[in-house]
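K.L.:
Residues per chain, in single letters:
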Amino acid sequence: MTLNSMQKNGLLLGLFALVSTGLVLGVEALTKEAIDEQQRAQTLASLNEIIPPTLHDNDLYHSCGLLSEPTLSQQPVPVYRGYLAGEPSALAVEAVAPNGYSGKIRLLVAIKPSGEVLGVRTLQHQETPGLGDKIEKQKSDWITSFAGKRLQSQDDERWAVQRDGGMFDQFTGATITPRAVVGAVKTATWYLQQNSTQLFQTSLPNCHSASEGESHE
Amino acid sequence: MSEFKTLTKQGLWENNPALVQLLGLCPLLAVTASVTNALGLGLATLFVLIGSNITVSLVRQWVPQEIRIPVFVMVIATFVTIIQLLMNAYVYQLYQTLGIFIPLIVTNCAIIGRAEAYASKNKWNYAAIDGLMMGLGFAAVLVVLGGLREILGNGTLFDGAELLLGEWAKQLRIELFSLDYPLLLAILPPGAFIGMGFIIALKNRIDAKREELQASEKTVTRARVTAES
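Heads up: the sequence lines are chains Y and V, in that order. So the first sequence is residues 50 to 266, counted in my numbering. So the second sequence is residues 161 to 389, counted in my numbering.
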């Protein structure tokens, strides 16, 4: 069998691609569990930060249900429900800000049944280090400025960054990131406020059994 | 052994990827706001560089000239993805801190530069040492610049080192002075350029001084020779 050099090169490139892909897949399979575990731990830590133990006595992480709500995200999002002595006490949802500076920003938003925001945390983002990454609690207190706020109406003008006439600071050199976060938190808060009673009553499909086989994209 | 010495000298000083070749400046300037971030990216780059250098050197006989670049790119991308997955799994906090700059190691020209200029022409053990030394040279500049900017901008050193090294590293944190108004310029990108400029200037100054010294030594010896004859 004789191959000309172009065919040979093509085959060789294909072989390299195959081996590289195989290696990456192997490592991915090996690390998948650890990565999922890290993400779970982080979600749980954030959840416990914004819904203090005094506000609930049930297991928040297992209270999780999957909610299909197109205004929040294309994919079903996890909702966590906190109860205190059997009474609904807190509601949290994983929201997605699709319009970050570099891709999606995953957020966790919690409110009291009264509608007051308990707190917001950033779960995952790819914003510019040093500028947009101040939405992380570790980097800056900015994300805590949502706590205690209320949304009066769906187009509440105060819910914007200061440059747009709202009440939330932007960062030096980064307006797009906080704007995206404020927008997503506003949408999520409005949805939670409007649907809180319903969300506590309906039974949602369990997150943990459903998400086990899926990726977190 | 002399090859080893040359590689060390080349990587760390004479042909330092950051100071002389001026490669990989994008991540270098972007993540050096603190020593921890700088060290994290420096180590990640170092591992990728060693891995890609060894692999490129091992496969160099089988890779024809025409397709070497796509093969190198694939090798580098594979190593970066593997490092990214490992960091995501085992140093999650740091992974989050460095964010986009881990996948961007792929675009660090220093890595493909070494693959092309050295690893594809030399034995794997030399290629490994070249990768190690170039990586160390790059990481060293990252750490120096990171330290400089962290001190000026934050008044601290090793802030957040526990994200990279574990809980014990919390003790490493040094608070040099506390600032009511930190020097924002040092933390922002222009500060990185200015700091980098000073480091390169310092290196050139040292080189010039050494050359001057050598030159004067030479004239001295020559003078003695003429005096004798």
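Hints are supplied without guarantee of correctness; some may be wrong.
Some chain V residues near chain Y, calculated using beta-carbon distances under 7 Å [stated by the list, open to error]: (1) 241; (2) 248; (3) 260; (4) 284; (5) 377.
Bear in mind the hints are in silico, worked out from the structure with no lab data behind them. Quick caveat: nothing in here was measured; it's all calculated off a predicted structure. From the three backbone atoms N, C-alpha and C, an ideal C-beta is built for every residue, glycine too.
K.L.:
Evaluate each hint against the coordinates.
P.N.:
Do the hints match the structure? See the list:
Hint status for residue 241 (chain V) relative to chain Y: holds, with the closest Cβ pair at about 5 Å, below 7 Å. A hinted interface residue such as residue 248 (chain V) counts as satisfied when its beta carbon comes closer than 7 Å to some beta carbon of chain Y; here the least separation is about 5 Å, so the hint holds. Evaluation of the residue 260 (chain V) hint against chain Y yields a held restraint, the C-beta minimum of about 5 Å falling below 7 Å. Taken as an interface hint, residue 284 (chain V) does not check out: its beta carbon lies about 17 Å from the nearest beta carbon of chain Y, beyond 7 Å.
Checking residue 377 (chain V) against chain Y by beta carbon gives a least distance of about 46 Å; that is not within 7 Å, so the hint is violated.
Comparing the model with each numbered hint stated earlier shows that hints 4 and 5 do not hold.
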